[in-house]
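Could you put the whole structure together from the sequences, leaning on the hints where they help?
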Amino acid sequence: GENVEQHPSTLSVQEGDSAVIKCTYSDSASNYFPWYKQELGKGPQLIIDIRSNVGEKKDQRIAVTLNKTAKHFSLHITETQPEDSAVYFCAASDGTGNQFYFGTGTSLTVIP
Amino acid sequence: KAGVTQTPRYLIKTRGQQVTLSCSPISGHRSVSWYQQTPGQGLQFLFEYFSETQRNKGNFPGRFSGRQFSNSRSEMNVSTLELGDSALYLCASSSGLAGDEQFFGPGTRLTVL
Chain W
7 GENVEQHPST LSVQEGDSAV IKCTYSDSAS NYFPWYKQEL GKGPQLIIDI
57 RSNVGEKKDQ RIAVTLNKTA KHFSLHITET QPEDSAVYFC AASDGTGNQF
107 YFGTGTSLTV IP
Chain F
116 KAGVTQTPRY LIKTRGQQVT LSCSPISGHR SVSWYQQTPG QGLQFLFEYF
166 SETQRNKGNF PGRFSGRQFS NSRSEMNVST LELGDSALYL CASSSGLAGD
216 EQFFGPGTRL TVL
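Chains as they are written, first to last, in the numbering used here: chain W, 7 to 118; chain F, 116 to 228.
Derived from the structure by calculation, the hints contain no laboratory data. Careful: at least some of the hints might be erroneous.
[What the hints assert, rightly or not] Only pairs whose alpha carbons sit at most 30 Å apart, straight line, appear in this in silico DSSO-like list of lysine-lysine:
{"id": "1", "chain 1": "F", "residue 1": "Lys172", "chain 2": "W", "residue 2": "Lys43"}
{"id": "2", "chain 1": "W", "residue 1": "Lys77", "chain 2": "F", "residue 2": "Lys172"}
{"id": "3", "chain 1": "F", "residue 1": "Lys172", "chain 2": "W", "residue 2": "Lys74"}
[As the list claims (entries may be wrong)] Per the computed footprint, the stretches of chain W lying under chain F, defined by three or more beta-carbons under 8 Å from a beta-carbon of chain F, are:
{"id": "4", "segment": "32-42"}
{"id": "5", "segment": "51-59"}
{"id": "6", "segment": "78-84"}
All residues carry an ideal CB built from backbone N, CA and C; glycine is no exception.
Okay, structure coming up:
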């Protein structure tokens, strides 16, 4: 089955700096890659996603890149703010698209 | 449009008991997936229900079971609770189409004493 690895597990950045979180996947049939943000006491919230026919997608300060050949995808957050502090999860859906596999999460802390 | 709701939000049980958790998906969504979230293991997929049928299943023992009703609401049951079952149980709602977005509920925090 699919295996998703996520790095780093923790990340601290100064407010205004950029943050990058990287994930790799193993199943070349995976074709949908969402990113979730989870704040304390809440369920994961979808923040951005990318499909395998696209190499990059951007939404304001958040961008995701996908390299299908290398089987890795990354989340980029620019101009970080304290409210970006949370745990971020990457995921990949399998070839059927109905089962999702998650990375182990990155705890991001933005220092004011 | 209302989001995904889960009840109860918090639950305390003792070893050996059983528990039932409930999830109401977003209106119009026909797929409900269940996940177990623990600090050490992250989000682990339990199973997915689509149109009242279990469509996918993760690697959990038979003590974990679920069902889905005709209105797409889903329940998850854990029998003979163990200490290691303490976790946040999340359900996710989607249309059920391949690769469609999943939206999570707030979760049920289960503590087994």
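Tested hints:
{"no.": "1", "hint": "F:Lys172 / W:Lys43", "verdict": "holds, 25 Å"}
{"no.": "2", "hint": "W:Lys77 / F:Lys172", "verdict": "holds, 25 Å"}
{"no.": "3", "hint": "F:Lys172 / W:Lys74", "verdict": "holds, 26 Å"}
{"no.": "4", "hint": "32-42", "verdict": "holds (count 4)"}
{"no.": "5", "hint": "51-59", "verdict": "holds (count 4)"}
{"no.": "6", "hint": "78-84", "verdict": "violated (count 0)"}
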